[in-house]
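Trainee: As a plain string of letters, each chain reads:
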Amino acid sequence: MNPGKTEQLKTENKNGEMTYILAWAMLVALTAITVGVYTLHLGTAGVAIALVIASLKAGVILLFFMHLRQESRFLQSVFLLPVFLLGAIIGLTFIDVWYR
Amino acid sequence: MERHRDDIGARTGMWLFLFTEILLFGGLFMLYSMFRMQHGAEFHKAAENLNRIAGTTNTLVLITSSLAMALSIAAIRRGRKAASVALQATTVLLGCVFLLIKYFEWSTEIGRGIYPNSPALLKLDHGEILFYGLYFVMTGLHGLHVIIGISVISFMLVSTAKGNITSTDHVRLENSGLYWHFVDTIWVYLFPLFYLVT
Amino acid sequence: MNESGIQPGFYAAPGSRTGIFSWIFSTDHKRIGLLYLFSIFSFFAVGVCFGLLMRLELIAPGRTIVGPSTYNAFFTLHGVIMIFLFVIPGIPVSLGNFFMPLQIGARDVAFPRINLLSWWFYITGGLLALLSLFTGHGPPDTGWTFYAPYSIRTGTNVVLAVSAAFVLGMSSILTGLNFITTIHRMRAPGMTWFRMPLFVWSVYATAWVQILATPILGITLLLVIIERLFGVGFFDPAKGGDPILYQHLFWTYSHPAVYIMILPAMGVVTEIIPVFSRRTVFGYKAIAFSSMAIASVGYFVWGHHMFTSGMSDVARVVFSFITFIVAIPSGVKVFNWVASMYKGSIRVDAPLLFVLAFIFLFSIGGLTGLILGALATNIQVHGTYFVVGHFHYVIFGGAVFAFFGGLHYWFPKITGRMYNEKRARLAWLFLFIGFNALYFPMFILGWEGMPRRYYDYLPKFQPLNVVSTVGSWIVATGLILLFANLLRSARKGAAAGPNPWGGTTLEWQTSSPPPHENFGEIPVITQGPYIYNPSKGKGHGTA
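Protein chains in written order, with the numbering used here: chain A, 1 to 100; chain B, 1001 to 1198; chain C, 2001 to 2543.
Each hint should be verified, as a subset may be incorrect.
As the list claims (entries may be wrong) - Straight-line distance between alpha carbons at most 20 Å, and here's what the computed EDC-like set of lysine to aspartate or glutamate pairs gives: (1) C/K2422 with C/E2521; (2) C/K2239 with B/E1042; (3) B/K1081 with A/E71; (4) C/K2239 with B/D1125; (5) C/K2239 with B/E1109; (6) B/K1123 with B/D1169; (7) B/K1123 with B/E1042.
Stated by the list, open to error - Simulated DEER-style distance windows between Cβ atoms: (8) C/R2113 with B/K1123: 46 to 54 Å; (9) C/T2308 with B/R1052: 43 to 51 Å; (10) C/E2448 with A/G91: 37 to 45 Å; (11) A/A29 with B/G1163: 36 to 44 Å; (12) C/G2331 with A/G91: 34 to 42 Å; (13) A/R100 with C/G2331: 28 to 36 Å; (14) A/R73 with C/V2338: 48 to 56 Å; (15) C/T2308 with B/P1119: 54 to 62 Å; (16) A/G91 with B/A1082: 17 to 25 Å; (17) C/V2066 with A/G43: 54 to 62 Å; (18) C/I2379 with B/K1123: 35 to 43 Å; (19) B/A1054 with C/V2066: 55 to 63 Å; (20) C/P2008 with B/V1097: 53 to 61 Å; (21) C/E2521 with B/L1100: 52 to 60 Å.
Worth flagging that the hints you see were computed from the coordinates, not collected in a lab. All C-beta atoms in this analysis are idealised placements derived from N, C-alpha and C, irrespective of residue type, glycine included.
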């Protein structure tokens, strides 16, 4: 009995080559958009847009290239933990630096 | 004793390791946020001197290398060993191209006399000193990860060619892929934070 | 080992290697646990020596045995060794490595080779730390916190000490990710989350803190090295940097680190109390969730180490508030432990004595923590011996006393023999009295304003310092008694049998010492642990 083997099949990655190529095309398009937005020099709004686009790209990489879609529910749910934690660390430090 | 094998467990371990990497870079992202908040204008001024074309090219190079990596796993899963080896080689090659472009960029900065603690850099404003400090430290640490990734994938490439990574047993290649995609993801954030500062 | 009918168990495991190599290259979690146990207590002995020397210097004002710079090196090395090489790895890598897989009914951890690698990282880090003493321009003198800008400017051997801490951090991360994966993937059939022993829960919570906090230390230490080599200037105001950001980064790790130290200790306490009270634990889920709550809230309180650093007022208020929240889950645990003993048939053997001492000393440490967490009182006692007293009550009185309790509790399982109960109690008495004599005066000294980290003090502080130094000698005697008893009993003790305490968790269902791969057949679990009511079954033992 090999438990790893049977569960492996359950989460067997169903991504075909086409999915990867489409994901890649999305990443290229998003890169073009973020560079395009930069040339408009939007100031603070530009920073927000650049970070949103970067997060979209990260999402594409995670979901398709890294197969987070097919991973166990445990990984899907705890994946946001380090991200949230980093946000909290930056936020709390921000409270110090901003009000100093 | 039959060797215990648990692919999901192995991937779980890799993901947990990537969490630690997120927070390792996280400390630097925290410093970046604080310094940029204090020195927004100087960051903009300093970023003007970086080579935007090189940065964009490198973004495309890494994205494409990630595609090759993902395809190489799909190939080995279908038992296409030669295709998988070729795609892994493409990943390694593109990783090297990334490092080469990075090398020329750093050389340009250093050629202008801009490197940590250099006399030319210390004459600039505080915000610019910090910007270049972050630039060298963060892209340097990222570059180190690229080098590690290249080494790991080269090792996997040899394993695949030798037939040790097969259509039914390839979790090592998958984990190397996870690492490589993670390195790509970090760059996805570094790119706008250094090259597209408005 | 056979003359008294004790099976050799895993000590006679089949393998190609013999002698010391069968240990230092073993991937058996039990052998690695024991390797770690001996390694961390060896470093503990070194740390104790530095502590004793510091107390000896402080027996009288002025220069007694060493000068100021040697004293600075003493407290730096005492801190680095005790924190990074003893309490942080501490219970998880030794008792956790040995007993967590046993308690969940697994044959080993998820990644046995990574487990061994983490021990090698640990040893490398330990040797680097010792090397920093004898090479370069003198031992580091920054304190274990390596605060910038001093750590970047001092001529002493900081880079080596910092690299040591970095490598030790990698070791800690590997252990953490190994344990999380093990607990998720390798529980025996029927071992649901809420049937796991609470020690496993505490190790699990600790492992999360290890992997989510340690990387921040990693980058912080890396930056100290980078600053020393290249002078980037992140923490240097002359270049626009900010030394307070160093403190933020450092304490973002180092506050959660105290939960790495105390959470597994709380787990040991929760194991011992039901066994020695013959009662099921009161509020199983409350204890399990409070471990997770302490682990998560503990991330957001680091600023209370920085109340006098020049941090903004808003941040100080916020951090002070969050600090008080941690008291809630800690209180939940203390009340649950006491309630678990209520109306039990209590058997006061050495493990329980250490646990009772833990509850008493940890409560004092926790309550003085409230004084430190409140902004106004913190300003009065910040940087004084009050902090030293508080810290040692929580970590020595808490974590280490629980560690000793666990060591006695599981000793028969590890060795197959019983320790000498009378000597164990004597050692406990010495430790308990010596501990209070050593650290309680520090609260008074700190309140009166004696600053920490100086080799000298005003003459009016001398009487209490003498009490404290004498206390350190009593503690040292207690430690010698304790370890002499355990080492002697490991060879000469009477055979213990598989379950000398009548425990209900899985490690007591296998032989003492456990065989290679722990169980002949993997048990099937049908109910929760800690069931002592005969009409309701026998806990994990029924299957």
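Trainee: List, from low to high, the hint numbers that the structure doesn't satisfy.
Mentor: Violated: hints 1, 3, 6, 12, 14, 15, 16.
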